[in-house]
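Read top to bottom, the protein sequences are chains X and R. Going by our numbering, the first sequence opens with residue 1, and the numbers climb by one from there. Going by our numbering, the second sequence opens with residue 1, and the numbers climb by one from there.
Derived by calculation from the structure, the hints in this document are not laboratory data. Do not take every clue at face value.
Not close to chain X: a few residues of chain R, all C-beta gaps over 12 angstroms, as computed [what the hints assert, rightly or not]:
#1 128
#2 158
#3 164
#4 182
#5 189
Going by beta-carbon spacing under 8 angstroms, a handful of chain R positions derived as facing chain X [said to hold, decoys possible]:
#6 17
#7 19
#8 20
#9 21
#10 205
Residues on chain X that point at chain R, a partial pick, calculated with CB under 7 angstroms [said to hold, decoys possible]:
#11 45
#12 67
#13 68
#14 70
#15 71
#16 85
The beta-carbon is built from N, C-alpha and C at its ideal position, and this holds for glycine as well.
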Amino acid sequence: MPAERALRVGIAGPVGTGKSSLAAALCGALAGELALGVVTNDIYTDEDARFLRRQGVLPAERIVAVQTGCCPHTAIRDDVSENLLAVETLERAEGPLDVVFVESGGDNLTATFSPALADTQIFVLDCAGGDDVPRKGGPGVERADLLIINKTDLAPLVGADVTLMLADAGARRDGRPVLAVTLRDPAAVAAAADWVRGELARHRDGRLVAADPGPMAPHAHGHDHSHAG
Amino acid sequence: MSTALELLLADGRTPTGGFAHSGGLEPSGVGAGGVPAFLEARLRTTGLLDAAVASRAAAGGDPLALEAAWAARTPAPAVREVARRLGRALLRLGLRLWPAPLAAYAAASEATPRPVVLGLLGAAAGLGPEAVARLALYDDAATVTGAAPKLLAIDSLEAAAWLAAAAPLVDELAARAAETGAAHPLPAPATPLLDLRAQAHITENRRLFAS
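Start from the sequences and build out the full structure, keeping to the hints where you can.
Put into structure tokens, the structure is as follows:
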């Protein structure tokens, strides 16, 4: 069934990896062709919303901040009420919109979006956070619809091995896409924007079904039952 | 009635958005020593009003008329907006659990203030007016005590003790809120400080909570 509402793209990942920069870059790349909105989830300020408004990539009223009572993980996973209402309010006030980006507050490796909130999701890591993070895995690293390894330009400065990060991510992602980029590079932003266009096309013709990365990695038991997944 | 459903509606783990709110504690500037008095003041004023509205909605009162009566007694736009959002979140739960009794209200109401929605969910769950009033008051108190350890340098057990200490007042006010008839009109508390602080809080750009 064709979609009647905007595509909701979740952007998650640890603090400081470039989630806001990614949202700003994607808005900059797509605002000319699509009607966009952004919901930010800041921990204790509306810094991210103000950053995005300052970039001037969208009208200020298309960018709203949600407070999460110190619980960024809860707000995107266990109780998405505040975020869902923010998306719906934004769509009602500014719509019709094509895409709403929901930017999570920076969190740990287990934080991913509930399928009730995000139709598709991007998990953002960076080289400066340590090149062992893709090996550690976790639901976002392994099963987010797109994994971005950002700040590759910093890799030589912090002793990170991008090739290793890509190999570890590839081994865990079962063919799901990975982009190792610096968001300062317009070609990288264009690649990420292309991925969004692809997801939007699938959303519009009803082929996109939210694939929940899950809060936890699949696990094995010493007894004989299987977990649906 | 089902006690377990009453517990479900009182449970902070039930996803209805409450975790993002502090019941006015964040903008209050109240220190740890002042929380019990703050809690009592809320319960006796806006808490009692919300509970009386919720219990009347649960007892079959006209929800849209109750919305208007509640709004007339809730002068701060910021407080009404927070109640609308919390009400919408609660309505999502209601439409999932009891779609038939809630569908008409969901279609008719723009304002969806939490007290009215809570009353309708309570009725759908088979709870009586006093039980619904108690839920409203308990949630108001638990929102404050749940946020307290994130705002103040206290042990969470301290906050739980404040909530327990407020229990007799919650019960007393619940009974009062559920009284109806000419001798018991809807309360109309004046809470200018809560209202002004709530209004100022929504434009703060450094805050943990939505209210």
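Structure-based check of each hint:
no., hint, result
1, 128, "holds, 27 angstroms"
2, 158, "holds, 17 angstroms"
3, 164, "holds, 22 angstroms"
4, 182, "holds, 38 angstroms"
5, 189, "holds, 25 angstroms"
6, 17, "holds, 3 angstroms"
7, 19, "holds, 5 angstroms"
8, 20, "holds, 4 angstroms"
9, 21, "holds, 7 angstroms"
10, 205, "holds, 5 angstroms"
11, 45, "holds, 5 angstroms"
12, 67, "holds, 4 angstroms"
13, 68, "holds, 6 angstroms"
14, 70, "holds, 5 angstroms"
15, 71, "holds, 5 angstroms"
16, 85, "holds, 5 angstroms"
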